[in-house]
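Top line first, the protein sequences correspond to chains A and B.
Note that this note's numbering has the first sequence beginning at 1, numbered continuously upward.
Note that this note's numbering has the second sequence beginning at 1, numbered continuously upward.
Keep in mind the hints are simulated off the structure, nothing from the lab.
Note that CB positions come from ideal geometry on N, CA and C, so glycine has one too.
A couple of the hints might just be wrong.
[As the list claims (entries may be wrong)] Derived list of chain A stretches under chain B, where covered just means 3 residues or more per stretch with a C-beta under 8 Å from a C-beta of chain B:
1. 408 to 416
2. 432 to 443
3. 558 to 565
4. 577 to 588
[Unchecked claim] Selected chain A positions facing chain B (in silico; Cβ < 8 Å):
5. W198
6. M254
7. D342
8. R345
9. P510
10. A515
11. S518
12. T550
13. A568
14. Q571
Listed below are the residues making up each chain.
There are 2 protein chains.
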Amino acid sequence: MQIYKAPLEDMRFLLEALGYEEVARLKNYADFDLDTVMAILEENAKFCTNEMLPLNRVGDVEGVKFHPEDASVTTAPGFKELYKKFSEAGMLSLSQTAEYGGGGAPYVVGMILSEMSTSTNKSFTMCPGLTHGLIDALLHHGAEDLKKAYLPKLISGEWTGTMCLTEPQCGTDLGLIKSKATPTPDGDGYLLTGTKIWITFGEHDMADNIVHLVLARLPDAPEGIKGISLFLVPKFTLDGKRNAIYCGGLEHKMGIHASPTCVMNMEDARGWLVGEPHKGMRAMFTMMNSARLGVGMEGVALSEIAYQTALAFAKDRRQSRSLNPARQDAHAAADNILVHPDVRRMLLNVRASNEAMRALGYFVAKHHDLSLHHEDPQVREESDDLVGLLTPIIKSFFTERGFLNVSDALQMMGGAGYTQDWSVEQYLRDLRIAMLYEGTNHVQALDLVGRKLPRNMGRSFMKFSSLITDFLRENKENPALAEFLTPLKETSKKLNQVTMSLSETAMADPEMVGAVASNYLNLFAYTALAYMWCLQLKAAVQRGDKFGQTKIKTARFFFRNLLPEVDALVQCIAAGKDTVMDFEAGEF
Amino acid sequence: MQIYKAPLEDMRFLLEALGYEEVARLKNYADFDLDTVMAILEENAKFCTNEMLPLNRVGDVEGVKFHPEDASVTTAPGFKELYKKFSEAGMLSLSQTAEYGGGGAPYVVGMILSEMSTSTNKSFTMCPGLTHGLIDALLHHGAEDLKKAYLPKLISGEWTGTMCLTEPQCGTDLGLIKSKATPTPDGDGYLLTGTKIWITFGEHDMADNIVHLVLARLPDAPEGIKGISLFLVPKFTLDGKRNAIYCGGLEHKMGIHASPTCVMNMEDARGWLVGEPHKGMRAMFTMMNSARLGVGMEGVALSEIAYQTALAFAKDRRQSRSLNPARQDAHAAADNILVHPDVRRMLLNVRASNEAMRALGYFVAKHHDLSLHHEDPQVREESDDLVGLLTPIIKSFFTERGFLNVSDALQMMGGAGYTQDWSVEQYLRDLRIAMLYEGTNHVQALDLVGRKLPRNMGRSFMKFSSLITDFLRENKENPALAEFLTPLKETSKKLNQVTMSLSETAMADPEMVGAVASNYLNLFAYTALAYMWCLQLKAAVQRGDKFGQTKIKTARFFFRNLLPEVDALVQCIAAGKDTVMDFEAGEF
Numbered sequence: 001m002q003i004y005k006a007p008l009e010d011m012r013f014l015l016e017a018l019g020y021e022e023v024a025r026l027k028n029y030a031d032f033d034l035d036t037v038m039a040i041l042e043e044n045a046k047f048c049t050n051e052m053l054p055l056n057r058v059g060d061v062e063g064v065k066f067h068p069e070d071a072s073v074t075t076a077p078g079f080k081e082l083y084k085k086f087s088e089a090g091m092l093s094l095s096q097t098a099e100y101g102g103g104g105a106p107y108v109v110g111m112i113l114s115e116m117s118t119s120t121n122k123s124f125t126m127c128p129g130l131t132h133g134l135i136d137a138l139l140h141h142g143a144e145d146l147k148k149a150y151l152p153k154l155i156s157g158e159w160t161g162t163m164c165l166t167e168p169q170c171g172t173d174l175g176l177i178k179s180k181a182t183p184t185p186d187g188d189g190y191l192l193t194g195t196k197i198w199i200t201f202g203e204h205d206m207a208d209n210i211v212h213l214v215l216a217r218l219p220d221a222p223e224g225i226k227g228i229s230l231f232l233v234p235k236f237t238l239d240g241k242r243n244a245i246y247c248g249g250l251e252h253k254m255g256i257h258a259s260p261t262c263v264m265n266m267e268d269a270r271g272w273l274v275g276e277p278h279k280g281m282r283a284m285f286t287m288m289n290s291a292r293l294g295v296g297m298e299g300v301a302l303s304e305i306a307y308q309t310a311l312a313f314a315k316d317r318r319q320s321r322s323l324n325p326a327r328q329d330a331h332a333a334a335d336n337i338l339v340h341p342d343v344r345r346m347l348l349n350v351r352a353s354n355e356a357m358r359a360l361g362y363f364v365a366k367h368h369d370l371s372l373h374h375e376d377p378q379v380r381e382e383s384d385d386l387v388g389l390l391t392p393i394i395k396s397f398f399t400e401r402g403f404l405n406v407s408d409a410l411q412m413m414g415g416a417g418y419t420q421d422w423s424v425e426q427y428l429r430d431l432r433i434a435m436l437y438e439g440t441n442h443v444q445a446l447d448l449v450g451r452k453l454p455r456n457m458g459r460s461f462m463k464f465s466s467l468i469t470d471f472l473r474e475n476k477e478n479p480a481l482a483e484f485l486t487p488l489k490e491t492s493k494k495l496n497q498v499t500m501s502l503s504e505t506a507m508a509d510p511e512m513v514g515a516v517a518s519n520y521l522n523l524f525a526y527t528a529l530a531y532m533w534c535l536q537l538k539a540a541v542q543r544g545d546k547f548g549q550t551k552i553k554t555a556r557f558f559f560r561n562l563l564p565e566v567d568a569l570v571q572c573i574a575a576g577k578d579t580v581m582d583f584e585a586g587e588f
Numbered sequence: 001m002q003i004y005k006a007p008l009e010d011m012r013f014l015l016e017a018l019g020y021e022e023v024a025r026l027k028n029y030a031d032f033d034l035d036t037v038m039a040i041l042e043e044n045a046k047f048c049t050n051e052m053l054p055l056n057r058v059g060d061v062e063g064v065k066f067h068p069e070d071a072s073v074t075t076a077p078g079f080k081e082l083y084k085k086f087s088e089a090g091m092l093s094l095s096q097t098a099e100y101g102g103g104g105a106p107y108v109v110g111m112i113l114s115e116m117s118t119s120t121n122k123s124f125t126m127c128p129g130l131t132h133g134l135i136d137a138l139l140h141h142g143a144e145d146l147k148k149a150y151l152p153k154l155i156s157g158e159w160t161g162t163m164c165l166t167e168p169q170c171g172t173d174l175g176l177i178k179s180k181a182t183p184t185p186d187g188d189g190y191l192l193t194g195t196k197i198w199i200t201f202g203e204h205d206m207a208d209n210i211v212h213l214v215l216a217r218l219p220d221a222p223e224g225i226k227g228i229s230l231f232l233v234p235k236f237t238l239d240g241k242r243n244a245i246y247c248g249g250l251e252h253k254m255g256i257h258a259s260p261t262c263v264m265n266m267e268d269a270r271g272w273l274v275g276e277p278h279k280g281m282r283a284m285f286t287m288m289n290s291a292r293l294g295v296g297m298e299g300v301a302l303s304e305i306a307y308q309t310a311l312a313f314a315k316d317r318r319q320s321r322s323l324n325p326a327r328q329d330a331h332a333a334a335d336n337i338l339v340h341p342d343v344r345r346m347l348l349n350v351r352a353s354n355e356a357m358r359a360l361g362y363f364v365a366k367h368h369d370l371s372l373h374h375e376d377p378q379v380r381e382e383s384d385d386l387v388g389l390l391t392p393i394i395k396s397f398f399t400e401r402g403f404l405n406v407s408d409a410l411q412m413m414g415g416a417g418y419t420q421d422w423s424v425e426q427y428l429r430d431l432r433i434a435m436l437y438e439g440t441n442h443v444q445a446l447d448l449v450g451r452k453l454p455r456n457m458g459r460s461f462m463k464f465s466s467l468i469t470d471f472l473r474e475n476k477e478n479p480a481l482a483e484f485l486t487p488l489k490e491t492s493k494k495l496n497q498v499t500m501s502l503s504e505t506a507m508a509d510p511e512m513v514g515a516v517a518s519n520y521l522n523l524f525a526y527t528a529l530a531y532m533w534c535l536q537l538k539a540a541v542q543r544g545d546k547f548g549q550t551k552i553k554t555a556r557f558f559f560r561n562l563l564p565e566v567d568a569l570v571q572c573i574a575a576g577k578d579t580v581m582d583f584e585a586g587e588f
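If we strip away everything but chain A, and leave its shape as in the complex, we get (with noise of 0.2 Å):
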């Protein structure tokens, strides 16, 4: 049984709350007001419901299916229909820039859209979340006729893209690729040769024609990472031929079956260098950015349909008796699970961590909006530095948690969670690669703590900062907010020190930096957490409905039953490097 409603209440409340009007005033957006977005939201949401989970356990017991005799590779039954239905109902382009043919759309609209379509087909929104990403990266450091040649036929769906970084050799040390990059003998672009392993959607039959970003070595590349290049590799040329990129096997995996994740060989296959030579690093991190914002919100999908599922069996559900006699349902011979105590316990576990979190993706996405098309410069750097900040927050926290969350919805089912027939046990397994891919967890914090905490002096962390002050400051004198803004402070103040301890070592001690980076992270994301939640609370009190009554519960399990964590991360923290360094290798 498969439950999916999408939670638009809630999204366009985070909309209000998080401020969508600063969005819906810039003048590229004029056509999106909130009214407006929440009817395509609408629409699209049907779509998902209608359209998407119908095909996710089935794609999840077909499959794809490997053909050796041709290197092709045939994707779950319905699965290419859906990719034509899925562009034709706008979930492809509708955030992609007019430019090329897309909806012109804000970024946040398409993060949202995004997570619907997640919540109810994983596997399958890979390929456009991919596609995405390319369309990304070409808009940005694209030559114009590469442009003009790809960008329409991405953005219509006609084709779709890949990301080609990793090697069997090499995966977080992207330093090492061995991938080669020859200029052909006729001067039209470079000839390719190499192996690259884990690409998502490399080879399938949803779409006329397959588009790869390639990282690869030009002949007069310095080593490592510094001599790392871009190509755009497509499986079929603009002439049509049959370029030399070929699938040569699947990888079996724990979840997202209906994704097929390839080897992909060159030998001699025709690419163009996307930006400069040597440069491919860079232009990569522009697509690595938004798809990790974009994974970190796959938590935050799965774990609203696994709510909705396990709350659906709850409702259903009767057994044992309320430990209260006040809440026995005399007609019955058991009561309904949802008077126990942990039922509700492992339910708020989800649902006030994940809004919380939904709330945080959507601040970002705002910012993300504001730092392309403010007017004012200052606002657009500010803008940018929180993107920046809390991207590694949002792909480590939200898929962790995610995971958790997923896994708690499963428990609150007892055995039913762990059969087929809920589909919770499919949630955890093709959320659990969010942990890995797009850089693994780990690889957020070391971003987090090496390259976004000391950039450009620590201007980003002290924006953060100063928010979560100033939010204190203006509230102070509201009552309802009271027991919500003294642990928010306390909190805040626990990250600043920590902070300020780290960068002090950061220099002298890097390794013990990286022994508590991923501690500091998460430390980092309850403190980002429980000033959504304050966002939040100051608009539920301003409604003053049964909606907002329910957010302030919410809020206050958050606060008393998530928030304590961070004592226990501050102490892991303050344990330093020499816990896991004082090992010899051979003590393993």
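Knowing the structure of chain A, use the given hints to seat chain B on it.
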């Protein structure tokens, strides 16, 4: 790639550190001194690695097949032969009573066998695990003729056993059972009718007969849990006739694919009463308590093999540079990933929790042996108290932590962990059920706070608490232990305070106790593990060798990186029930 070498050194160390000599001194176990035990374990460890492990992935991939035409179930290739070899190797019978053909070894030795067996093939091991449960229940509650007829064949492995509790309308709440038993016209036994679900190895082809223990109601049964009786219902009755208990289908599950989870239909199936009428739950609990310890140890077993697999991967993989220039390998382009602090952190999360969990498992198993066979009734009673008190903690905490451990091992391996190539993803799927079956983890928490704590005016808890107090007093002059005794003392104090406060509330507000029970159980578990580390540390310091040094480092990681969780738990418990119970049902 599947990797397992039984951790025999740690097993021996723990048996010594936890006082196995008290077991060896019991007159029933005169033949089982430590050297003998270790020799047996070494042989059986080879069996696990050589015979069980190679079939583990086969079982996952091939699964089991149901044939509706004759209601039969085929297990994966090799499983039938494995059950025969398993029995012949003594894996099944070693710790069973010699009176009916068993090896007569201590329970703690059986637990270690079962750990190794589960590490190498969890799905398979569930069959002997349930057979052991049936043997226990028959031994304690069966009539003499039933024992004589069934026990020798169950212990020899010719026949296997099941537990039939759950029905579609009841899992946790067995008071809702509907299956009926009516006396046969011929006066020989009863005729049972009803449907049971989730029956592990309810039907299979590994043995000649399957003996079911079934909960059902007699015609004159009182309503609810006090009207349940226990029956033995064989697939083939002793006269060789096929009995009317048939498999109606299999569940499709996230994991344990090689273990058939059956719907069992009875229509006037012939059965015989075990124990007294309407007292079936009492007999079933004999079986369940032992089964719960076994399920808890599944967390240890799969943490172990996941650790070993991740470590083998880590030793082979080179990726990125050490953050500490002194550790960089000048002869290679990248360093072995064991230099990275976060890789170590993940490995130590697993190891530092798992070595303490293993210790607690053996500690309880030792007390189980003492409770059965010690000459002094006072010792028997105290040991029985400890077993009862700690069993729900082992079942719940070990399975939850084990799941997180396997997830950490998977994470450490990057994308490789998500593929089927290394099987860690299988271990994660296989282990997830352990948090659900044999009573969900929250049922364990309710058992702890609702039954085990208050029983005999809190005698069990006082005994446990006094063990820690005694240890602290006896070792306060040991300078090598000082850094660990302080946090043990503090944690124990926190547990005592919370326990006191809970006991005071329990009568007045059971719903509050239900709301915090799961967090309370985890707080208790951390305290018990800290105590287990101190017992190990004392022995490690005495050894003073390399092995002992590594133990001390591992303990230090536990105290500084895992134990801080207690502070978060104490705060969550203090939040009480309001944050969950304030919600109206419609607000979820």
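Checklist entry - For the region 577 to 588 of chain A, do at least 3 residues have a Cβ located nearer than 8 Å to some Cβ of chain B? => result holds (count 9)
Checklist entry - Can the hint on P510/A be confirmed by a CB-to-CB distance to chain B that is less than 8 Å? => result P510/A check passes; min Cβ-Cβ to chain B is 4 Å, inside 8 Å.
Item to check | Residues of the region 558 to 565 of chain A with Cβ under 8 Å from chain B, three needed, outcome | outcome: holds (count 4)
Checklist entry - Taking the least C-beta to C-beta distance, is Q571/A closer than 8 Å to chain B? => result holds (4 Å)
Checklist entry - Is the interface hint for A515/A satisfied, with its Cβ closer than 8 Å to some Cβ of chain B? => result holds (4 Å)
Checklist entry - How about A568/A: closest beta carbon in chain B under 8 Å, or not? => result Because about 4 Å separates A568/A from the closest Cβ in chain B, which is inside the 8 Å limit, the hint holds.
Next on the checklist: Given S518/A as an interface hint, is its Cβ closer than 8 Å to any Cβ of chain B?
Outcome noted: Constraint on S518/A satisfied, holds at 6 Å.
Next on the checklist: Can you verify the interface hint for R345/A: is its Cβ closer than 8 Å to any Cβ in chain B?
Outcome noted: holds (5 Å)
Checklist entry - Are D342/A and chain B close enough, Cβ to Cβ, to be under 8 Å, as the hint says? => result holds (4 Å)
Checklist entry - Taking a Cβ-Cβ distance under 8 Å as contact, does the region 432 to 443 of chain A have three or more residues in contact with chain B? => result With 8 residues closer than 8 Å to chain B, the region 432 to 443 of chain A meets the three-residue bar; holds.
Item to check | Interface hint compliance - M254/A to chain B, C-beta minimum distance less than 8 Å | outcome: holds (4 Å)
Checklist entry - Against chain B, does the region 408 to 416 of chain A show at least 3 residues with beta-carbon separation below 8 Å? => result holds (count 4)
Against the hints set out earlier in the document, no violation occurs for any number.
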